[in-house]
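Q: Sequence:
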Amino acid sequence: WKINDHDIIFWCGNMNYRISQPNEQVRNAINEFSTVALQEKDQLRCEMKLDHVFTGYYEPPINFLPTYKFDINTDNYDTSEKIRTTSWTDRILYRSKRLKVLNDNQNELKTIQTIHYSCATNIKFSDHRPVSGLYLVIIKYECDEKRSNRIREELIHEFDRIENESIPTIEVHPRPPQIIFNHIRYLDKPNYSLTIKNI
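Letter 24 of the sequence shown, counting from 1, is numbered 24 in the working numbering, and no numbers are missing.
Keep in mind that the hints are not guaranteed to be accurate.
[What the hints assert, rightly or not] No more than 30 Å apart at the CA atoms, straight line, and that leaves these computed lysine-lysine pairs for DSBU-like:
no., residue 1, residue 2
1, K49, K146
2, K197, K146
3, K146, K97
4, K97, K41
5, K82, K124
6, K2, K97
7, K2, K189
8, K82, K146
[Claimed, not checked] Estimated spans, in silico, between C-beta atoms of each pair:
no., residue 1, residue 2, range
9, E81, S34, 19 to 29 Å
10, P168, Q113, 16 to 26 Å
11, Q113, E40, 19 to 29 Å
No lab work stands behind these hints, which were simulated from the structure alone.
Every residue gets a Cβ at the ideal spot worked out from N, C-alpha and C, and that includes glycine.
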């Protein structure tokens with residue numbers, strides 16, 4: 001199977017897309033917590049709207065600040081000589097065969113409901129802030145009662161057969177298995193051999 005042949009797909013990881021804005025403007029928007037304005041310039045969202053990448057996938061609105069690039073073990077965005085443009089590089093996208101994505105990037109059928117989509121600001125040992133998501137997935141299933149009952153009966157018969165075959169049987173010699181002592185007197189000690197064999 002190909003990935004998109006599955007009914008429900010979660011695609012997560014470092015997509016490495018950036019924000020198409022000068023870093024200074026991005027930093028100013030971050031200071032104002034203007035995530036909506038930044039998302040309009042987010043390369044991944046722009047490419048998805050044009051159906052250039054991840055066609056049919058959906059990502060909920062991002063309500064957290066960009067997660068890359070930080071100075072390690074601090075809350076400071078990159079202060080190195082390169083001064084990387086601050087961006088949302090780590091993302092979680094999902095797709096469902098029963099989920100229709102509209103042009104405005106809103107899901108029409110709530111096959112998957114986002115409960116939580118955020119980042120862990122307290123984990124600082126990397127230059128990335130890890131992103132997490134919690135989702136409610138509605139699974140559609142169908143049960144063919146006639147087929148289910150038929151399979152159940154077949155299994156019952158099969159288990160009965162196995163059980164019957166496992167019941168131990170014996171073979172007795174001589175046959176027929178009977179012991180006859182003739183003319184037994186007081187204090188006699190007659191012997192008779194009977195062979196029993198498992199088969």
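Q: Between P168 and Q113, does the beta-carbon spacing fit 16 to 26 Å?
A: Given a distance of about 57 Å, which is not inside 16 to 26 Å, the answer is violated.
Q: Measure nothing beyond the straight line between the CA atoms of K146 and K97; if it is 30 Å or shorter, mark the hint as holding.
A: holds, 27 Å
Q: Does K97 pair with K41 here, judged by a C-alpha cut-off of 30 Å?
A: holds, 28 Å
Q: Is K2 close enough to K97, meaning Cα to Cα at most 30 Å?
A: holds, 14 Å
Q: Quick one, are K197 and K146 close enough, alpha carbons at most 30 Å?
A: violated, 46 Å
Q: Can you let me know if the beta-carbon spacing of Q113 and E40 is within 19 to 29 Å?
A: Distance hint for Q113, E40 holds at roughly 25 Å.
Q: For the pair supplied as a hint, K2 and K189, is the alpha-carbon distance within the 30 Å limit?
A: violated, 83 Å
Q: Please work out if K49 and K146 have their alpha carbons no farther apart than 30 Å.
A: Not satisfied, since the Cα-Cα distance of roughly 45 Å exceeds 30 Å.
Q: Holds or violated: are the alpha carbons of K82 and K124 at most 30 Å from each other?
A: holds, 20 Å
Q: CA of K82 to CA of K146, is that 30 Å or under?
A: violated, 67 Å
Q: Please test the hint of 19 to 29 Å on the beta carbon pair from E81 and S34.
A: Holds - the Cβ-Cβ distance for E81 and S34, about 27 Å, lies within 19 to 29 Å.
Comparing the model with each earlier hint shows violations of hints 1, 2, 7, 8, 10; every other hint is respected.
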